[in-house]
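Asker: Below, each chain spelled out in residue letters.
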Amino acid sequence: MSVAADHPAFLQHHFADPRQQHESAKLGMWLFLVTEILLFGGLFCAYAVYRAWYPEMFYNAHKALDVLMGGINTVVLITSSVTMALAIRSLQRDRRRPAVGLLLATLLLASVFLVIKYFEYSHKIHLGQLPGKYYHFTGVPGTNPHIFFSIYFMMTGLHGLHVLVGMGVIGWVMVRTARGAYSHVYYTPVELAGLYWHLVDMIWIFLFPLLYLIG
Amino acid sequence: MDNQPPVHSYLREPSGLKSWLLTRDHKRIGVLYLIGIMTAFVIGGVLALMIRLELLRPGPTLFTPDTYNKIFTLHGAVMIFLFIIPSIPAALGNFVLPLLIGAKDVAFPRLNLASWYIYVVGTVVALYSIFAGAVDTGWTFYTPYSTQSTTTVTAMTLGAFILGFSSILTGLNFIVTVHKLRAPGMTWFRMPLMVWALYATAVIQILATPVLGITLVLLILERLFGIGIFDPAMGGDPVLYQHFFWFYSHPAVYIMILPGMGIISELISTFSRKTIFGYRFIAFSSVAIALLGFLVWGHHMFVSGQSELASMVFSALTFLVAIPSGIKIFNWLATMYKGQISFTTPMLYALSFLCTFTVGGLTGIFLGTLSVDVHLHDTYFVVAHFHYVMVGGTVMALLGGVHYWWPKMFGRMYSEFWGRIAAIIIFVGFNLTFFPQFVLGSQGMPRRYFDYIPEYHSLHATSTVGSWVMTIGFLIMAAYLIRSFSHGAIPGDNPWGSLSLEWTTTSPPPTENFAVTPQITHGPYDYDQMTAASTLARHGTGAR
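Respectively, the protein sequence lines represent chains A and B. The numbering of the first sequence is our numbering, which starts it at 16 and goes up by one. The numbering of the second sequence is our numbering, which starts it at 44 and goes up by one.
Extracted from the complex, chain A is given alone in its bound form (with noise of 0.2 Å):
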């Protein structure tokens, strides 16, 4: 890449400059963050609510799920938010093969949650755990235990979705660092992928506990 002394390639014509056009990005970032947190806050407010109208219910449910699985996939996305990061660090450092590397072991301990996450939807669908009108467990004393099932299906679900959506970014930052997009002086869509994928780590912190740990 050109990095010319007033006009590097990667500098957008309607920026000043590229510390401009960085910190625009970030911004944005940050504030589409700000939209997921919301989104995902419609499901944290119907968690509070029905929690609190069926507490026995919720107690109940929630031991029919897997702690041990849950907890290994904690470690697991934080480990990868680890290795997110330390790329980021790499890059800034020029060092291009390790980045390459640690984006690739992001990626891997994704799919690794992905599986673990499999091997937990497909028991509970096999004991017809099931969200709404589709559940028919009977181990779970108490009215309405498919509200529990509904809404976890719907959070970890939807943040399954936003594993693969990330799981995608990253792939696509990985190849192009791989390509030698990226230096010192330019990485700021892996810095942005970084931090959405700390968001997706983040709300699994939320979920790990309300979901499987409250008591």
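One thing to keep in mind: the hints can contain errors.
[What the hints assert, rightly or not] In silico SDA-like pairs for lysine to any residue, Cα to Cα no more than 20 Å straight-line:
no. : chain 1 : residue 1 : chain 2 : residue 2
1   : A       : Lys148    : B       : Pro275
2   : A       : Lys41     : A       : Ala196
3   : A       : Lys148    : B       : Arg266
4   : B       : Lys317    : B       : Asp571
5   : A       : Lys41     : A       : Gln107
6   : A       : Lys148    : B       : Ala276
7   : A       : Lys148    : B       : Phe268
These aren't lab readings, by the way, just hints derived from the structure by calculation. Please read all numbers here as calculations on a predicted model, not as lab measurements.
Mind docking chain B on chain A? Use the hints.
Answerer: Positioned in the frame of chain A, the structure of chain B alone reads:
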């Protein structure tokens, strides 16, 4: 005499359909949005005429009750989601925002184009829903009926969900643009009030819309998978839906009106040739309205069975919105006081706005009052109130803005004579249509009914005649605006003698907006200091 606009303008360079469909120029995207919202406005307007025609006399007139339910639902959904929410921010806002702050473009031009395509996709999905059988729930999609209705609720709500993304991306783009792309010297308090209004609107767009998004997803899941969240038979709560819905949709009212207020500030100052009175108060009142807008959603639910305490709190909070709204109105009046008012077409719309929005705002106080609302709830009083705010407020401001920036957008002047005629006809028709509905509502006529007792006949008939008068006004407007493309006079760069930045570049502007990055040395409304002969001389050529 030169009868062609400048050759080097964003309208001509680059040329070809593909250059428009792949453009990243905010001005072209604004024009694309303008085409989109005007199409939606025509569709929604035809549906409105059908509603009024059915109500011309008591008893079945044209439609079955089921068809009538679908027509008013589609009228509401099309007008709200396809027309009024994107109207000022996405169409006019996209065009003027970078010009007003001296930027070359919005912060994320590609995202801007994407949001237009998302708007188109959402529109197509919503229109598919209409042709696949239409929706009969009312535009609010209230549960539990909306989860049981056999009409195409899923497609319509999916369309609204997609349109929400478009709105979020536009808002996000605007906030970053205002923060990061202001020209040198453009301090926050030198920004035109239109920019403050768009900024406050953008804050609402990104904070409220995601909640509507997840609500509509929940509604779709409820219909597809019976998740039971909103279904009382399964332990769910339909009132929760209303809370979620109005947490978005009340702030959305301010997505509709705040940018309109921004336009009015520009118009009143320009056409009174005076410094805007209380600049900071108007600026901060936009932000205050945006924030208060999030605290008042419960006033839609006074009779829904929420707790009385909640209703009282929401009632009290609702009254607070009157303060910043009043600040704006009084500041505009003070701006006009002893000004040199020129009654151009845009100014006529601004004055219409002042009348109709004030009526709409004051009747909002009736509805925000808990005890009175119990009587007026779901009557034509509510219908009249929100049409005074949305049509009398937003649409009047939109039309004022379209006429004000028309010469800047297209480099052509419309017929000022016909412009004024149309503005007056629309104002008269509007009041004829909606004022009788206040009376109908206070007499007890419920909204959304396709039939009524004979006692209401004369008021309903008046309202229907009013809708035709208004239509005549719109048709005249369409005629002279279309004619202006080929026959309009060339206006020059600054036909109104305005001091804000967009008038310092050519009309229409070049692709990069300004030949050189402007240096801002004064505020947009310093008419008192700058009664320079140049601006007055130019003014003489524009407004005949």
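Asker: Going through the numbered hints above, which ones does this structure break? Give me the numbers in ascending order.
Answerer: No numbers; nothing is violated.
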